[in-house]
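A.B. asks: Next come the chains, spelled out residue by residue.
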Amino acid sequence: MASRLNQKPLKIPLRLKIGRYALTAHGLMSYFFLYAPIIILIIFSFNASKFVTGSWHGFTLEWYKKLFVDEAIGAALRNSLYVSLIATFISTIFGTMVSLAMERYDFWGKLPFDALLYLPIIIPDIAMAVMLLLFFVMVKMPLGRLTIIISHIAFDISFVAIVVRARLAQFDDALEEAAQDLYANNWKTFRYVTFPLLLPGILAGALLAFTLSLDDFVITFFTSGPGATTLPLRIYSLVKLGVTPEINALSAVMLMASFVFVVISFSLQKGGNGKVDLV
Amino acid sequence: MPGEFAVELINVAKQFDQVVAVDDVSLQIRDGEFFSLLGPSGCGKTTTLRMIGGFEMPTAGDVLIGGEIQGFKPPFQRPVNTVFQSYALFPHMTIFDNVAFGLQMKKVAKNEIKERVNEMLELVQLPGVGHRKPDQLSGGQQQRIALARALINKPKVLLLDEPLGALDLKLRKAMQLELKALQQRVGITFIYVTHDQEEALTMSDRIAVMNEGKVWQLDNPEEIYEHPANRFVADFIGETNFMEGKVSRLTDERVFVAVDEQVPVPLLPTRDVQVGQAVTVAVRPEKLSVSAEKKREVDIPGTVDEVIYIGTDIRYIVRITDGTTLAVREQNRGGLSAQRFSAGDHIHIGWYARNASLLTE
Amino acid sequence: MQTDKRKKWRVFGLIFPSLFWLVVFFAIPLVLVLAMSFGERGTYGGVEWNLNLENFARFFDFSDPLYLRIFGRTLYIAAITTVVSFLIGYPMAFWIASQPEKRRNSLLMMLMLPFWTNFLVRTYAWILILRDQGVINTIWVGHIHNAALWLENTLPWLPLEGFVQVTANPLPLFGTTLAIVIGLVYGWLPDMVLPCYAAIERFDGSLVEAAQDLYANRMQAFIRVIFPLTLPGVIAGSILVFIPSLGAYVTPDLLGGAKSVMIGNVIYSQFMSARDYPFGATISFVLMALMLAGTLFYFRFTVAGQKGEPNHG
Chain A
1 MASRLNQKPL KIPLRLKIGR YALTAHGLMS YFFLYAPIII LIIFSFNASK
51 FVTGSWHGFT LEWYKKLFVD EAIGAALRNS LYVSLIATFI STIFGTMVSL
101 AMERYDFWGK LPFDALLYLP IIIPDIAMAV MLLLFFVMVK MPLGRLTIII
151 SHIAFDISFV AIVVRARLAQ FDDALEEAAQ DLYANNWKTF RYVTFPLLLP
201 GILAGALLAF TLSLDDFVIT FFTSGPGATT LPLRIYSLVK LGVTPEINAL
251 SAVMLMASFV FVVISFSLQK GGNGKVDLV
Chain B
1 MPGEFAVELI NVAKQFDQVV AVDDVSLQIR DGEFFSLLGP SGCGKTTTLR
51 MIGGFEMPTA GDVLIGGEIQ GFKPPFQRPV NTVFQSYALF PHMTIFDNVA
101 FGLQMKKVAK NEIKERVNEM LELVQLPGVG HRKPDQLSGG QQQRIALARA
151 LINKPKVLLL DEPLGALDLK LRKAMQLELK ALQQRVGITF IYVTHDQEEA
201 LTMSDRIAVM NEGKVWQLDN PEEIYEHPAN RFVADFIGET NFMEGKVSRL
251 TDERVFVAVD EQVPVPLLPT RDVQVGQAVT VAVRPEKLSV SAEKKREVDI
301 PGTVDEVIYI GTDIRYIVRI TDGTTLAVRE QNRGGLSAQR FSAGDHIHIG
351 WYARNASLLT E
Chain C
1 MQTDKRKKWR VFGLIFPSLF WLVVFFAIPL VLVLAMSFGE RGTYGGVEWN
51 LNLENFARFF DFSDPLYLRI FGRTLYIAAI TTVVSFLIGY PMAFWIASQP
101 EKRRNSLLMM LMLPFWTNFL VRTYAWILIL RDQGVINTIW VGHIHNAALW
151 LENTLPWLPL EGFVQVTANP LPLFGTTLAI VIGLVYGWLP DMVLPCYAAI
201 ERFDGSLVEA AQDLYANRMQ AFIRVIFPLT LPGVIAGSIL VFIPSLGAYV
251 TPDLLGGAKS VMIGNVIYSQ FMSARDYPFG ATISFVLMAL MLAGTLFYFR
301 FTVAGQKGEP NHG
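Protein chains in written order, with our numbering: chain A, 1 to 279; chain B, 1 to 361; chain C, 1 to 313.
Keep in mind the hints are simulated off the structure, nothing from the lab.
Possibly wrong hints are sitting among the right ones.
Unchecked claim - Away from chain B, derived, C-beta distances all over 10 Å, residues of chain A:
1) Thr24
2) Phe32
3) Tyr64
4) Phe107
5) Ala179
6) Leu182
7) Leu197
What the hints assert, rightly or not - Derived CB-CB ranges, DEER-like:
8) C/Met219 <-> A/Gly225: 56 to 62 Å
9) C/Phe62 <-> A/Gly225: 35 to 41 Å
10) B/Pro40 <-> C/Arg300: 36 to 42 Å
11) A/Phe89 <-> C/Phe62: 47 to 53 Å
12) B/Gln125 <-> A/Ala169: 34 to 40 Å
13) C/Val83 <-> B/Met57: 57 to 63 Å
14) C/Val83 <-> A/Arg20: 55 to 61 Å
15) A/Trp56 <-> B/Asp135: 25 to 31 Å
16) B/Glu178 <-> A/Phe89: 40 to 46 Å
Ideal Cβ positions, reconstructed from N, Cα and C, are used throughout, including at glycine.
Model the full assembly from the supplied sequences, consistent with the hints where possible.
C.D. replies: Given below as structure tokens:
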């Protein structure tokens with residue numbers, strides 16, 4: 001990349017006050033556009049109306065109370081956590097291993113394998129969902145939690161790999177050489193130098209995999225079976241049925257949980273090396 | 001064992017796919033020596049160093065440390081330590097843990113580690129930084145910690161890969177002197193890689209000048225500077241004037257080279273040459289003098305092309321009859337008898353025969 | 001050399017689990033789909049493996065262009081989404097880039113935050129907003145209609161009859177193509193903003209000063225210097241919005257109506273209701289081919305310079 005020593009940061013060449021105000025207004029309104037639905041959703045989760053409506057009928061916590069005792073949602077949450085935790089665990093291990101291989105070694109078939117590794121990221125949700133469903137049907141595997149887990153791992157590996165590989169690429173090889181120079185054999189080098197430095201990246205990858213798995217709808221929809229309803233699936237059926245405003249409360253809770261996750265993820269990355277990746 | 005070399009390379013070569021990085025290098029490095037590998041980027045000096053350290057394996061030849069063939073031994077089995085160009089301090093460990101790392105790997109007792117680490121930090125003049133992290137130190141400080149981390153293990157040989165490259169000029173010069181003093185005090189063999197010839201000349205006991213994977217001259221600094229063995233070394237180290245010519249006459253004391261078609265230049269017979277052979281005469285600018293009439297044993301007439309005043313010196317670009325230009329450095333002593341010439345003046349360029357080198361390659 | 005062999009085993013061990021998983025649960029299913037698109041629906045909903053192009057003919061049937069029409073609509077919706085994302089996203093990126101550095105990071109994080117929440121939930125939020133009884137229409141039929149009525153009463157000489165009429169009924173926002181576009185833009189806006197921002201941030205401000213030194217006014221400087229040089233970011237962003245929009249399923253399903261069905265929905269119905277797996281496979285195949293072409297274009301275009309951002313699956 002070109003040297004940035006002589007570059008000046010961009011100053012908007014809009015000396016006209018109007019132009020500058022317009023741009024700022026647009027910026028602010030765009031952010032409003034981004035956050036309005038979320039805020040509206042959270043507000044309306046407290047709406048005391050029997051139906052899902054846009055008019056305000058007063059404040060209530062009823063829907064939250066109903067949410068916490070809802071059996072179906074409780075089961076869905078348990079399923080989601082079960083599936084996502086297992087899928088995350090396995091895909092993080094596999095993804096980290098494959099990252100080490102791809103960033104450190106050259107081998108026969110590396111390029112096509114690299115393409116294969118990227119494909120799950122590029123392919124549309126629905127195509128992947130279709131593929132997996134057909135596969136399970138063909139091999140006569142019953143659809144359920146197992147098939148969901150398998151499917152999630154199938155795309156999670158690639159995402160973990162992206163994150164960990166990026167972290168590995170920044171890794172200073174000289175550090176491992178220094179460790180070996182100081183009498184650490186391969187295992188000790190990995191344990192005392194490579195792994196600790198890689199850990200933030202691995203955790204970031206795991207967090208990404210967990211989030212993607214937890215939030216996944218289309219692929220899960222196609223590959224799930226009876227008794228294997230995850231939270232997104234439950235939300236979908238609730239939305240389609242349009243029964244009670246409980247769904248507002250559920251949505252609000254999920255939003256806030258996501259926010260918490262993101263904050264944790266960012267602080268994890270900041271703790272690592274002070275730089276924040278916006279994957 | 002006496003008579004052994006600290007490090008010996010016997011016909012060592014390294015090839016990466018199609019590229020030959022190191023081409024049949026043989027070196028003998030003595031105990032307690034400050035030995036430098038000097039050369040331009042890509043000459044193979046770093047690869048050679050890495051083969052001694054065990055980070056690369058030779059594709060041919062043997063590396064011996066203390067008389068023992070190293071074979072394919074990985075770095076953690078070799079009695080050498082390295083100071084890396086990027087320092088490679090472990091960012092997630094404190095300075096103390098960094099310096100102590102080698103001892104920890106060797107399972108040295110904790111109280112002994114503590115003692116030796118503090119000793120080392122004193123030695124590199126950074127006492128009390130043990131609890132800090134590498135990114136809290138300046139470049140110069142990090143460099144000294146890298147040094148401490150290596151030296152604490154009392155290696156037989158210390159390998160240094162352009163350790164001063166990232167420092168600014170003033171700090172670099174100071175560190176050069178410090179490193180030299182340290183080496184002499186500790187008495188360990190230093191093998192030092194650099195592309196900075198002034199650095200190598202300042203610090204080294206002996207220098208191996210490398211280019212394209214080969215050693216082009218191996219000697220102490222003075223010999224390398226005063227008597228370069230070939231055109232590359234003459235050109236790479238300092239500044240040199242080259243004059244092409246043919247050998248016209250041989251006597252017991254002198255070789256006469258017909259430079260400039262007419263003027264036979266006498267040189268010391270440092271090589272075996274024959275009459276009619278094409279050779280190069282190399283002289284450094286500071287060894288030349290310009291005067292109105294003939295003054296030295298060697299004398300060539302010429303015309304001043306340019307006069308450049310640099311404060312400490314006055315530089316003349318002089319053209320001789322066959323068109324070759326020579327650069328002459330006259331020290332600006334400011335004496336009363338000092339002559340100043342101008343462009344267009346016809347002058348005599350002179351030097352002492354012993355200050356020129358006869359080069360055949 | 002001994003170390004070489006051990007290295008080979010180590011590498012193999014590292015990639016084997018992922019290799020196995022991706023081959024068995026990705027590559028093979030992919031091939032399965034491709035193969036099945038050449039098959040035919042069996043009498044009882046199974047698959048007949050006779051190699052033919054019936055399905056493709058059915059999809060690309062120009063005489064009865066049912067599917068082609070849907071395909072065209074999908075392209076159309078994706079294109080509009082991309083254009084709207086650009087119109088909103090580019091100035092947004094510009095504004096962020098003009099902020100002091102400390103604020104920029106917070107702004108970028110705020111941009112990404114919604115992106116990290118559940119897509120289904122966010123799409124549902126728009127249902128809440130756009131429906132006939134949703135937030136917008138509650139205000140429209142309620143407050144705005146009332147305001148119109150009040151105005152009509154107090155200032156009867158104003159020609160407000162039409163306006164009053166219109167505000168008496170809810171705006172048909174839900175179940176339309178418009179709703180889908182809103183939903184898609186909302187979902188993929190960050191994918192447009194980030195590449196644009198990267199290109200704008202990288203831009204050398206002294207070029208603008210040079211242009212102004214050469215008598216360009218602000219608008220000219222923008223059109224002839226800034227925009228062309230940030231174009232790569234715009235194109236990257238466009239592709240990152242266009243491609244996922246092609247494969248949209250949830251958004252048209254929740255926000256669209258029967259008349260605004262997209263390819264994703266057709267695929268769904270082939271598998272879930274019609275049970276015509278081979279035909280569904282064919283449509284998936286066509287969609288994937290299209291998206292692959294787009295992705296290749298993206299990579300070839302951005303390989304010289306920009307880092308490709310992975311989009312969520």
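A.B. asks: Indicate, hint by hint, whether the structure satisfies it.
C.D. replies: Results for each hint:
The claim that A/Thr24 is not at the interface with chain B holds, since no C-beta of that chain comes within 10 Å of its own (minimum 37 Å). Non-interface call for A/Phe32 relative to chain B: holds, since the shortest CB-CB distance, roughly 40 Å, exceeds 10 Å. No beta-carbon of chain B is positioned within 10 Å of the beta-carbon of A/Tyr64; the least distance is around 43 Å. At the 10 Å boundary, the C-beta of A/Phe107 stays outside the reach of chain B, the nearest C-beta of that chain being 15 Å off.
For A/Ala179, the condition that its CB be more than 10 Å from all CB atoms of chain B is violated, with the nearest at approximately 7 Å. Listed as a non-interface residue, A/Leu182 fails to keep its Cβ farther than 10 Å from every Cβ of chain B; the least gap is roughly 4 Å. The claim that A/Leu197 lies off the interface is violated: its Cβ sits roughly 6 Å from the closest Cβ of chain B, which falls inside the 10 Å cut-off. Between C/Met219 and A/Gly225 the CB atoms are about 60 Å apart, so this pair conforms to the stated range of 56 to 62 Å.
Between C/Phe62 and A/Gly225 the Cβ separation comes to about 40 Å, which falls inside the hinted range of 35 to 41 Å. One distance hint, 36 to 42 Å for the beta-carbon pair B/Pro40 and C/Arg300, holds here, with the actual separation near 37 Å. A hinted range of 47 to 53 Å for the beta carbons of A/Phe89 and C/Phe62 is consistent with their spacing of about 51 Å. With their beta carbons about 36 Å apart, B/Gln125 and A/Ala169 fall inside the hinted range of 34 to 40 Å.
The hinted range of 57 to 63 Å is satisfied by C/Val83 and B/Met57, whose Cβ atoms lie roughly 58 Å apart. For C/Val83 and A/Arg20, the Cβ-Cβ distance of about 25 Å falls outside the hinted range of 55 to 61 Å, so the restraint is violated. Distance hint check: the CB atoms of A/Trp56 and B/Asp135 are about 53 Å apart, inconsistent with the given range 25 to 31 Å. Taking the beta carbon of each, B/Glu178 and A/Phe89 are about 52 Å apart, not inside 40 to 46 Å as hinted.
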